[in-house]
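One letter stands for each residue in the lines below.
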Amino acid sequence: MPDAGAQQAGLKADRRLMLLEAAIRKYQYRKDALLEVLHTAQELYGYLDRDLLIHISKLLRLPPSHVYGVATFYNLFKLKKPGTHVVTVCMGTACYVKGAEDLVLAVEREFNVKRGGTTADGKLSLFVTRCIGACAMAPNAIVDGETIGKATPEVVLKKIRAIMEAEKD
Amino acid sequence: MKPDELRSLAQKEAEARKSYRYRINVCCSSGCMPFGALKVLSAFKDAVKEFGVEGECYVARTGCIGTCSIAPAVLIEPGDYLYQNVTPDRAKEIVKEHIVNGRPVKSMLYGNEAYFKKQLRIVLRNAGKIDPLRIEDYIAVGGYYALLKALTRMTPEGVIEEVALSGLKGRGGAGFLTGLKWRYVARATGSPKYVIANLDEGDPGVFANRTLAEADPHAIIEGMAIAAYAVGASKGYIYVRSEYPLAVETLKKAIEAARSMGLLGEKIFETAFSFDIELRLGAGAFVAGEETAILASIEGRRAMPRPRPPYPAQSGLWGKPTLINNVETLANIPVILLKGSEWFASIGAKNCTGTKCFSLTGKVNNPGLIEVPMGITLREVVFEIGGGVPPGRRFKAVQVGGPSGGFLPEQLLDLPIDYESLTKAGAIMGSGGIVVLDDTSCMVDTAKFFTEFCVDESCGKCVPCRVGLYKLYKILDGFTRGEGSLEDLQKVEELCEFIKEASLCGLGQTAPNPTLTTLRYFRDEYVAHILEKKCSAGKCFKNGGGVGGE
Amino acid sequence: MSREIIISPVTRIEGHAKITIHLDEEGMVKDARFHVTDFRGFEKFCEGRPFYEMPGITSRICGICPVSHLLASAKACDDLLAVKIPRTAELLRRLMHMGQIIQSHALSFFYLSSPDFLLGLDSEPSKRNILGLAEKYPEIAKQGVWLRKFGQSIIETLSGRRIHSSDWIVPGGVKTPLSKEGVDKILADVPKAIEIALNSIELFNKNMENFKNEMRDFGDFQTYYMSLVTKDGGLEHYDGNIRILSPEGKVVADQLDPSKYFEYIGEAVEDWSYMKFPYLKNVGYPDGAYRVGPLARLNNASHCGTEMADNLLKEFKKLGKNGVVQNTFMYHYARLIEIVFCIEKVKELLQDPEILSTEVQAKASLNKREGVGVIEAPRGTLFHHYKVDEQGRITWVNLIIATVNNNIAFNKAVAQVAKKYVNGKKLNEGMLNKVEAVVRALDPCLSCATHAIGRMPVRIQLYDHNGSLIDEIARG
Amino acid sequence: MAEVWEASKMIELTIDGKKVTAKEGDTILKVARENNIYIPALCYLEGVSSFGGCRVCLVEIKGSPRVFASCVTPVAEGMEIITNSERLKRYRKWAVELLLSERPHVCSVCVANGSCELQQLATDLGVDHLRVEREWTNYELDLTHERFAYDPNRCILCTRCIRICDEIEGVHTIDLMLRGKNSKVIFDLNDKWGFAESCTSCGKCSAVCPVGALYVKGKPHSESKRKELASFVTSRRSEKTIG
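Residue numbers (this note's numbering), protein chains in the order written: chain A, 505 to 673; chain B, 403 to 952; chain C, 27 to 502; chain D, 1290 to 1532.
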C-alpha cells in the first residue's frame, strides 16, 4: 500500500507510486539516497512536480528546501513537464567546434522555442547538453532518443518535422 | 568463489575460445550504437548460422574498439582485421568472404595502420576484444587473477608498495601519486573506510572513462577491490554520470555478475576480505567530478566542493577515510599487480609512467579513443595517430584537458605529454581530452565557449568562480561583438589571476586556462578583434556586421 | 545663414542640462530649448520595491532637497496606510521641512545666484562663484554659509544626519522625538538667522536697481501660478490644498484636492526632452503653462501668518500688477522672503508645547492600494503618487517634481532672454551667461527633474534653420 | 577522579610575525581574532559551521604558493601566516568588487545602508569604483512574511541564513536552489516566505544577514542586526560543547 501521506500530497495511488515507494524502502529511507530516489521518481513520472517532491521529502525526512535545492542543482532533473517530443543538441567541445550552435539556432527559429524551454503548445522541448560522448560523430543531436551523428540543421529539422507530422495523423 | 574455481573457470573459457577459429567482435559501445551496431550484431549472428559456420566462428558483442570515426566497427580475430562502417548487408558479405572463404574483404577494411602504431593498450587491453557483459570473458583473459594474488599472496602494505613503486599517478587530472594516496587512506584512523571510483567525466569532448566502463567494467571492479583491500575498506561506490546509460547498465550488470560469482561480497576467495560496490548516479553536474563534491553528491546533497584539508583520505564520505580514484587509475591496478611495478615503470616517461587514454576529437581526420604511452609528443598524437587536420585546412591549436585545459599552438606540439610539461605550458592533463582546432575556429570565441561552460557548471559557492567567471565571460563576449579595448586585456589577466588563485576548488582554479593560454599564444587574435573588429575565422561579429555589435 | 547656439553646461545649478538656441535664416534667435539629455528612470527603478522603502529611495533622487522627497513620499505612504499621524509627528515633520527650505534657498541664493548680480553677469566666469564672492564680499559669503548651516543643523538635530536623513521620516510619522536640548539649540540660533535673512533682503533691494535693464526682459512673461495654500488661503508648505492663479491675478481654482492632481494637470511629452511638460487641463497645452515655487507661492498666498513675513509679502505684492509678480528674476526675492517666513515658523513650532511629546509614530499596515503625497518643496509643488500590489510592492510610480512643473516656463524664459541677448553671429561669455542666469533664477533641480544619474554635462549647441548642428561649446 | 577532558594540544605559530599559541584544530581565523589580529570575512559567522565561499578571509602561509581561506584552514605547529600582503589586498578587493557587481547593490537605497558588512568592507578596502559591469537582476521581492522581508537582489549568497536556520534553529527552512550565478536562497520548496510551513519566524536569518537581503520589516536594519544574536549563538555553542 502506498504511503498515506502520498494522497495528502496530491499524488494518485497508482503503480508508479508503489514503485517509487518500493525504491525508497530498498534504500531503507536513507537520506543519502535522495539522488537515487529522485532518479527513480523522474523515470516513473517524467519530471518532478511539487507534490512529488513534498512526498519524497516526507518519506526521507528531509527538509523540503534541501530536496528542492538538490533537485535544482543537477541539470538532469526536470521540474517542469517537458514537451511531447524532445530534441537535445550536444554542446560538447567537439560538437561546438563542428557547428552545434547552428543546430540549436535552426531549431529555435523554426519552432519558436528557446533552449531549455518548450513550445507554447507543449509539443516540443529543446535542450542542450554537455557532451553525450559521441564526439567522433560530432555534431550530434538527439531527437526523441534517437541520436543523429554528423548532424546538419536540415537533417535535424527534417527529422523533427517528420515526427510532428506523424503525430498529427 | 574459491581460488581454484577461478582457475578452472579461466581454463574452461580459454578452451572454449580455442574451439573457435574466428572471433567476430562487434563494437556495441555508445559510439557505434547510434549507427546501428546492434543490427549489425544480429546480422552477423544470422549470417554465421546461414553459412553454417557457427561452430567455428564466435560472434561477440564487445565494447569500444577505439575507432569511433568508422562506426559501426567490427574486429575479426585472429589477425585483428578491422572493418569499417559495417552494415547488415556488409556483415553477410564479410562472413561469406572472410570466414567461409578465408579472404578478408580488403575494400571494407580500415586501412589506417598509423592509427594503432603508436598506441599502447594497457588500460584498454580488453576493450573491443571481450564481451563486457560476460564476466567469463574477462576471467578468460586473466581477469581477477590480480585480486586473487593480492588477497592470497600479498599484504595490504605490499599492494600499496607495489602500486607506489610503479609510479602510477592519478588519471583524474591532478596527477597525484596513487600509491601515496592509498597509503594516506590506509593509515587514516576511522572505520569503516570507503573506496570511490570516479566516473563522472563531464568534460565536453572527453569520453575515455565511459568507453572503458562500457568495454571492460570488470577491470574497474577488480581495481576497486584491490584498492579496498590495500586501504582496508569494505564498501565501494562507483559514481557514474547518468548521461552514460550504457555504461551504467554495463556496470550494473558487471557488479551483479561479480557478486553472484562471489568476487564481491563476503569473504572473497575464502579470505577475511569482504567488499561490495554500489553504483551511484550523477545527475548532470560537472563539478560533481571534484573530489569533495563527489562526496556531497554520494551523500545526497548538492555537489558543492568544500575546502581541503581535511582531505577525503582523512575525512571523506560521512566523515570517514575515503579513497577516491579515477576509473582509469583503477583499471591499471590489476595489470600492475600481475606484471609488476618494474614493468609498469618502464613504460612511458621517467617521472610519468604508464599510459594515458585520450579521446581525440575536433578537426582531426581520425577521431577516436586512443591510449598512448606517457611522454609521447602532441605532434605524434595529432598528426600520426590523428592523421592531422582535414584536407585544405591549417592546424591552429590543440586543447588538452577539457574545459579547464589550455590551448597549445603549433610551436608547442613537440611537448611531451606528461603532467609537468602540460601544466608548465598552461594546459592540464585533465581526464584526457584532446581537441584539435583548425583555422575555422576563432580562439576568442573558443575561449568564450569554455568560459561559458564553466559559468554554467560552477556550483556557485565561492565568489571568484561564481561571479568572476561570469564577468570574464561577459568581457570575452564583448570582444566577439566588437566591444572592449586593449585595457580590457589587462583586466582579463588580473581577473583570471584572481579566479585561478582564490577559487575554492579545481574547477575555478583551472577555469581561466583557456582564456589565459589563448591570450598567451594567440594574443594577436584578441588584438585583431578589439582594434580591427576582425575575426579571421569568421565566427564573430555576426550581429551588427563588425562594429558595435548589438 | 541660420544657426543654433547651444549653451553647456549651465553651471551653478543643481545637476546639468543642455540649452539649444535655434536661429532663423537671418541668424536671429528663433527659439531656445532647455533639454534634459539623460534619463534615470527612477520611476521604473522603484517598481517591485516595497512601499516603505520609497521615502528612502526617492530621497536619494536628489542630494539638495532630499527632505522634500522624504516628506512627499512619507505622506504618500501615510495615505497607503490610511493613517492620521500624531500631531507631534506633524510638527516635527514641518520643522524639518522648514530647515530644508532654509538651507535650499540659502544655497540657491548665496552659492548659486548671488554671484551673478553681486559680481555682475559679465564678470570673469572663473571668479563668478561663491569663492569669487567670498573674495569680494567676505561678510555676505560667510553669512550665506552660516544660514545654510542653520537649516542643515535643524535637519541634523532631528535626524542625526545632515543630508540623507532617510530613515528618520517614516510612513506613519517620524522615528524619534525631539529632545529639550535640541529645541534649545535651534532656538538659540534663531535671532542670528533672522538678522542675516533681513540683511540679505536689504542687499537684494539695493542691487535690484543695477539690474533694471536685465530685469525687464528677464523672463518677464505671463503664466498661471500653482501652489498649496492653507484653508484660508495663506502660505503653506507641508499640507493644504491647491490654488491656481491666473496671469491676471484671479484665483481661478481654489482648495483643489491635491491627491486628485491628475484631474486638472495634464502632462505633455516632447520628443526632444525627457522632461514631461505639465499644463492645466482646462486651459490646454501649451497655453496652460504654470509656474510653481517661491514666486508662485507668494503670488498665491493672501498672507503668510507670521509677522515679519506678512509685512514683506505686502511690499512684494506691490512689485506686480494686481499683486501678481511675473518677473522670473523675482524668484530670488521670493526666496528671501520665504527664508524669513521659515525662520519665524521654526520659532513658532519649537514653542509649541506638544513638540516634545514622544508619541511620534502611528503604526498600521497596508490599507490602500494607491497613495498620493503632495508638499511644497523649495522649488515648488511636489507630487508623489504610488500604486502597490497586495504585498505592498510598488507597481506604478508617478512623480511630478517641482522643476518639471516649471518646464514650460523654463523654455519660455530661456527663449525670451536668448532673443534679447544672443546674437548668432557673435558668441560671448556674458551673453551666454544671461541665458544661464535666467535658468538659475528658476533654480531648476535637474537631478530630480530628469532623474539623471550623476553629473549631466550641459552643452550649448548651435543649430541652423535646417536643424543641423553647426557649433557646440562645452564648458566645465 | 579521572580527568574527563583530554586537554587540547597547544601549538605555536606566528601570525604577521607575532608569536601566538593556539589550540590544535582551531582555524586560522579564530586564532587570529583571539589575538586581536583582524582578518576580514563575510560568509564567516561565529557559532555555525564555516562555509569558505566569500574568499575575503584569504591568508598566505609561508612555504606555499597558494592562498587559504582562514575560516576553514586549521592551524598547524610552526605555521607562519601572513594576513595582509599586497596580493591578499588585491584579491579581497576583487572579491568585494565582484560581489557588488553581481546584483544591484545600490547602497543609497538599501535598508542595510550604514550597517552593511559588504559596504563596510568595500570602504575598508578602498573600493571606490567597479572594474566590471554591474548586473541589474530583477528578482521579485518577497514581502509575504508578516514580519520579515526577503530581497534576493541584495543577496550575496553567503549562506549564513541557511546555516543558522539549520544548525541553530534546527528547522532548515532555508536552502539554495539552482547553482552558479543562478543560485538563489529559497524557503521550503521555493515557496513565498509567508507560506513556508517549516519557518518558525525566529528571525535569526535576518539577524545574521550581512547585507540587506533578509530584514525585519519596518525596523531599521541597524537595530535588528546581530548584536544580541551573537551572544545567543555563542552561548548555544558552548552548551553544545559541554553537553
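There's no promise every hint is true.
Here are the simulated DSS-like cross-link-like pairs (lysine-lysine), alpha carbons at most 27 Å apart as the crow flies [said to hold, decoys possible]: (1) D/K1378 with C/K201; (2) A/K582 with D/K1481; (3) B/K722 with A/K530; (4) D/K1378 with B/K902; (5) A/K584 with D/K1481.
Everything labelled a hint here was simulated from the structure, so no lab data went into it.
Checking each numbered hint in turn, tell me which of them this model violates, lowest number first.
1
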